[in-house]
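6 protein chains.
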Amino acid sequence: MTAPDRGGDRGSLLVVSAHAGDFVWRAGGAIALAAERGDEVTVVCLSYGERGESARAWREGRKLEEIKELRRAEAEAAAAALGATTVFLDAGDYPLLESRELVDRLVRIYREVTPTTVLTHTLVDPYNGDHPAAARMALQARVLAQAIGYEAPGEPLGAPPVFCFEPHQPEMSGFTPNVLLDVTPVFERKREAMRCLPAQQHMWDYYTDLAKRRGVQLKRNAGPNLGLAHATMGEAYMRLYPQVTAELS
Amino acid sequence: MTAPDRGGDRGSLLVVSAHAGDFVWRAGGAIALAAERGDEVTVVCLSYGERGESARAWREGRKLEEIKELRRAEAEAAAAALGATTVFLDAGDYPLLESRELVDRLVRIYREVTPTTVLTHTLVDPYNGDHPAAARMALQARVLAQAIGYEAPGEPLGAPPVFCFEPHQPEMSGFTPNVLLDVTPVFERKREAMRCLPAQQHMWDYYTDLAKRRGVQLKRNAGPNLGLAHATMGEAYMRLYPQVTAELS
Amino acid sequence: MTAPDRGGDRGSLLVVSAHAGDFVWRAGGAIALAAERGDEVTVVCLSYGERGESARAWREGRKLEEIKELRRAEAEAAAAALGATTVFLDAGDYPLLESRELVDRLVRIYREVTPTTVLTHTLVDPYNGDHPAAARMALQARVLAQAIGYEAPGEPLGAPPVFCFEPHQPEMSGFTPNVLLDVTPVFERKREAMRCLPAQQHMWDYYTDLAKRRGVQLKRNAGPNLGLAHATMGEAYMRLYPQVTAELS
Amino acid sequence: MTAPDRGGDRGSLLVVSAHAGDFVWRAGGAIALAAERGDEVTVVCLSYGERGESARAWREGRKLEEIKELRRAEAEAAAAALGATTVFLDAGDYPLLESRELVDRLVRIYREVTPTTVLTHTLVDPYNGDHPAAARMALQARVLAQAIGYEAPGEPLGAPPVFCFEPHQPEMSGFTPNVLLDVTPVFERKREAMRCLPAQQHMWDYYTDLAKRRGVQLKRNAGPNLGLAHATMGEAYMRLYPQVTAELS
Amino acid sequence: MTAPDRGGDRGSLLVVSAHAGDFVWRAGGAIALAAERGDEVTVVCLSYGERGESARAWREGRKLEEIKELRRAEAEAAAAALGATTVFLDAGDYPLLESRELVDRLVRIYREVTPTTVLTHTLVDPYNGDHPAAARMALQARVLAQAIGYEAPGEPLGAPPVFCFEPHQPEMSGFTPNVLLDVTPVFERKREAMRCLPAQQHMWDYYTDLAKRRGVQLKRNAGPNLGLAHATMGEAYMRLYPQVTAELS
Amino acid sequence: MTAPDRGGDRGSLLVVSAHAGDFVWRAGGAIALAAERGDEVTVVCLSYGERGESARAWREGRKLEEIKELRRAEAEAAAAALGATTVFLDAGDYPLLESRELVDRLVRIYREVTPTTVLTHTLVDPYNGDHPAAARMALQARVLAQAIGYEAPGEPLGAPPVFCFEPHQPEMSGFTPNVLLDVTPVFERKREAMRCLPAQQHMWDYYTDLAKRRGVQLKRNAGPNLGLAHATMGEAYMRLYPQVTAELS
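Protein chains in written order, with the numbering used here: chain A, 1 to 249; chain B, 1001 to 1249; chain C, 2001 to 2249; chain D, 3001 to 3249; chain E, 4001 to 4249; chain F, 5001 to 5249.
Incorrect hints may have been included.
[Unchecked claim] Rough simulated footprint, nothing fancy, chain D against chain B, three-plus residues with beta-carbon under 8 Å:
(1) 1049 to 1060
(2) 1143 to 1150
[Stated by the list, open to error] Here are the simulated DSS-like pairs of lysine-lysine, each with C-alpha atoms no more than 27 Å apart in a straight line:
(3) Lys5063(F) / Lys1212(B)
(4) Lys3212(D) / Lys212(A)
(5) Lys63(A) / Lys3212(D)
(6) Lys5212(F) / Lys1063(B)
(7) Lys212(A) / Lys3219(D)
(8) Lys4219(E) / Lys2212(C)
(9) Lys4212(E) / Lys2219(C)
(10) Lys5219(F) / Lys1212(B)
(11) Lys4212(E) / Lys2212(C)
Don't read these hints as lab results, they were simulated from the structure. Glycine residues also receive a C-beta, built at the ideal position from the N, C-alpha and C atoms.
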């Protein structure tokens, strides 16, 4: 498996997610891995998921602002468990509306954070329009941040690789998992982060099962030679741009 | 850029090509890189390309056996320049016919060479039926070699990653270059290998131009941060199976 | 052929169409079938098709408001012939502009009508931008209506299946007809509805021919065993979400 | 959910699988559902999976014929548990070779069994060449059996719908699950059938987890209205030909 | 519309069809157009369609040889009506088996006929395996005929454009009609040719309706400016290789 | 190669490009060819590319308005060299924002110019969001301009063919070059136009190499018969709508 030598430079991982909880379920392992090896991790939550991802709170009769506060606290706790910093843009959800202003805020974050890797949603998700909206903005901002003529503080960005995390119904979302990430060493931390979201307790098992399933596929794609543990846990990603490499492996 | 640490283990690169010259034009850089870092490289030429890729020799009035001898000598010289070993199966070209026997020979080579990486043609090429035929056999043999119940000497194979090299008309062949390999450090060796194929002198420039073009794209996908030289030379590949990794980068 | 037993419950069919005439040509059979078996059918016309689908009226020198009135009357007559209720949102056509407000109106209709089945345009149509715009809004509203946190009267929606009706140039619009509906029993009613649109008389034959053609394909996909009549009439649809079923047939 | 009224006629389900175990893991629920409602179910195993799917037996040092006998006994027990009849063609695996003769045997089975529904593998599976080979033969034989001029006993076949069952790595195999089958009522029988394959005990959990996952998706695509139980178990299928129906639902 | 000036050179149209009748229904207009402008037209029928396309003759109790004779006579009459020459290879149908020998015969025909344009079936047709088999052989032979080293009389072929004619269920066969041919001037000749196939009388209307439908689309893609007659008749084709041109139009 | 006879009518080529320089690099050959044969050529530059395509000017410390003036002057000089007229809409770049007003301006241009051929960007370009935005507006305006009911001076438009020019990374942008244009006769003029853009001198070689590469492919798709010169220069295009033709060639 590839494990590039970055020569002492500290990486910077930027995660752009539509709702407050997405990064935990879908990318908790990648975040914990990055944090553990010393990378800076910034999670941008475009909304709190207050309308579309908080069914239980609504059924309990809570108010909008209360729900937003609740989701924010949960997300901060989960991010802390994973070793990440959070930024909340409170742009509203269901629908999350694309706007020139929101994209501009993302450009400024890119210029400040100078990510070496970017994670976001897939560009297709027929079950949740906020996810592709977030992805489109994340990708658009990444390109704008590269232009010297774009007015925002900081230097023009390089071209950090982008990985989409797994949507709920992958085959319906054109999700081809062309990268399988071994998250076994940090899975306990991901579990801890998931436990920070008690309202979605049924998801704990669901995403543990999914990690097992992706782990089995990871082993199948790596072969016996790698000596992977029986209980390999995986996360699936879709790389959007060509991989740039000095070795085919 | 990724440059995995393999912990001292020597890699093994297996290249399965339809005709004698394919590996030089399409994968010369990858082969030279592997050889330079100490990997074993085995190039299997299923045919000599005696009928379909030797137009000049035919126009000069040469005979079939003579042409095969000529192509073999050229390929051996080019492989030597790149640091690779050649195996010629002399299965005939135009058409290269798929057969149970030929696949079995490939299985035996897989079991013997135990490749850590495999290179072959694309599965689609409307300009040359031999290329997909070679790819289908290379892929089928790879799967068969994994089965303990397949009768052939050696241990069951792991699941080495497979990369397709660039076809002549990539967009017509469903070729999505999802891996861009930096071959700048070994491009002089590739040039040397190309010079071993004097009958196709017009290809020398063509593939040097292509390497420049893929190099420009490589830089565009890597960003300015990488400090890549102006004259980056690249080779494009299409990875067929998910990448298994311990880090997203 | 499948003919589910809904246990006495009355279904509710919602049709979201860009222009006033679309539902007649493209889904007249499905509407009549639903009405005949006692389902409630609601047709939402986002515009009257006053600019883009009323060439003859413009050539006759009519004014905009007059044309809208004309198209509305025709659509009402056709809907009555099919057994459907109409809702006109008068959002303008050529172009039909997507907006937050229009989507919100659709969400409210979903919540009120609580459809068990939804019909709309395809998401691709290079010949008419209004069609995909209507489809995008219909699909977005369906997802929003499912969220308990979305502020609109009524209960959160379930997940009714969505079927796209046939565009004018199906192969250019990514239209894969994965459902062929037998409309033979109600084709006379569809013909009657078409006759309510006298300005497009050339379409009567066109869509009768199309129904024959889809009928031939329907028989071909059903096999001789079904004992389908020689003159089977069909309508083609593309199901967007997985079919949920208790039996494979 | 659709549950067609077949008017008293007994259905006939034909399952064409490459290896002896495939039908249990991938279609056990569909088979048990069909058997429970009184359909005849015939499972054709083209091979025993003796080379490619019997790793444990090989590691235990068993001989080829012994392994075939073992796999046959297991498959028969599992089929009995599900309510199906088995036919073994012993055509060899790894590779399963396509042949005119094997296709002819399938044509004869089609003509004899006159299936109302057909299940087989996907046409793409980069991890196992036998699966697509089985699918190609199953599909080719279905078309040949329809021709009155094809010399084989029995009447020309109709056009039974074909469903592909889920491959191991669905996204890599172009598997779009456009049908989700509720197998909750018979899942205990499927579990029983799985227990007839003790050598692959790790698969019991794997396929139970998968059924849960597909069950969650099934509920998501059906909506709350259906009143589906919390523990819905699902199997995913890909319908290859257009659905012929008298109602959109 | 394009109407290239070939500078006095006579064109050569080669049609490779699986069964005896295919060329009439699917390409009758293109053949008649070519013949009328003085091109040589050669129709190769790989089989007579004796098993798969002669249901009526079988139901009348005719014998195999008799049916072949019948189909041959009909095809010859139809070809004469269109102005084409026929070559019958009698390779058998249902299934039409690909073979090295059959491909070689096609190579020799290519070398002799030196086509400037080639027509054949689509590479996908889930309703009829013979059609893709014919297309694969036609395409393979075209590439082989280009190689100077391929042993067959005649000069190496150029790279004539290839057009697939319309399959029965275009959307199911990946048929994207990227070329719409105006066959209005010769439609009467096509009708005459169709009348040479009396056993398939229901097809006369079917293909006349289809020509009208493709004609409507042709007008829609050409715009009012072309002054096309109301009753434009069209045939749809799919060009497989890039169009080479001196003008974008 | 096709070279239609337009019967004396003068054609009208409309090029819609996102930034001031795009038309030179990507379509200079097509423009010069059209101009040379007497067609009117109108190039619409939606923006000057002042932010995203003027890195050197920014690095030299120039101001926004100055850069716009500079780019405009360059574009005008290049257009003059090619024989085209320019229209600058100054809509801003990075991002180029889609708007109802901008589309309306394009509709009016369509109605005035009445193009017989349209060139624009691809609908996908993950490296530059302005390109697809320009393409979407160009295509939307083309459809609107066809409607008699759309309020704008002039007659309803026909349906001119649309060709997308080649993006920077074609395989990543879904660019299938289905048309290869021979620009050999005018390549010197294209070179001259490129020299009007001195800030991007490294592009001169890049696009000359690309023209050689597309020229090689052009020859490969035309065959030896055409007698194309060794140094054929090509431009690749993707035709979006079916070609309407009176001859298959």
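Test coverage of the region 1049 to 1060 of chain B by chain D using CB-CB distances below 8 Å; three residues minimum. violated (count 0)
Tell me if the straight-line CA distance from Lys5212(F) to Lys1063(B) falls inside 27 Å. violated, 33 Å
Can the restraint linking Lys5219(F) and Lys1212(B) be considered satisfied, given a maximum Cα separation of 27 Å? Within the cut-off at roughly 22 Å; holds.
Would you check the hint for Lys4219(E) and Lys2212(C), treating anything up to 27 Å between C-alpha atoms as holding? With Cα atoms ~22 Å apart, Lys4219(E) and Lys2212(C) stay inside 27 Å; holds.
Between Lys3212(D) and Lys212(A), is the straight-line Cα distance small enough, at 27 Å or below? holds, 14 Å
So if I understand the rule, the pair passes when the alpha-carbon distance is 27 Å or less; does Lys4212(E) with Lys2219(C) pass? holds, 22 Å
Examine the region 1143 to 1150 of chain B: at least three residues should have C-beta closer than 8 Å to a C-beta of chain D. Our answer is that it holds, as 6 residues pass the Cβ test (under 8 Å) against chain D, meeting three.
Verify the proposed pairing of Lys63(A) with Lys3212(D), using a straight-line Cα cut of 27 Å. violated, 33 Å
Need the status of pair Lys4212(E), Lys2212(C): alpha-carbon distance at most 27 Å? At roughly 14 Å apart (the allowed maximum being 27 Å), Lys2212(C) and Lys4212(E) satisfy the hint.
Assess, step by step, whether the Cα of Lys5063(F) is no farther than 27 Å from the Cα of Lys1212(B), and give holds or violated. violated, 33 Å
Are the Cα positions of Lys212(A) and Lys3219(D) separated by 27 Å at most? Holds, at about 22 Å.
Comparing the model with each earlier hint shows violations of hints 1, 3, 5, 6; every other hint is respected.
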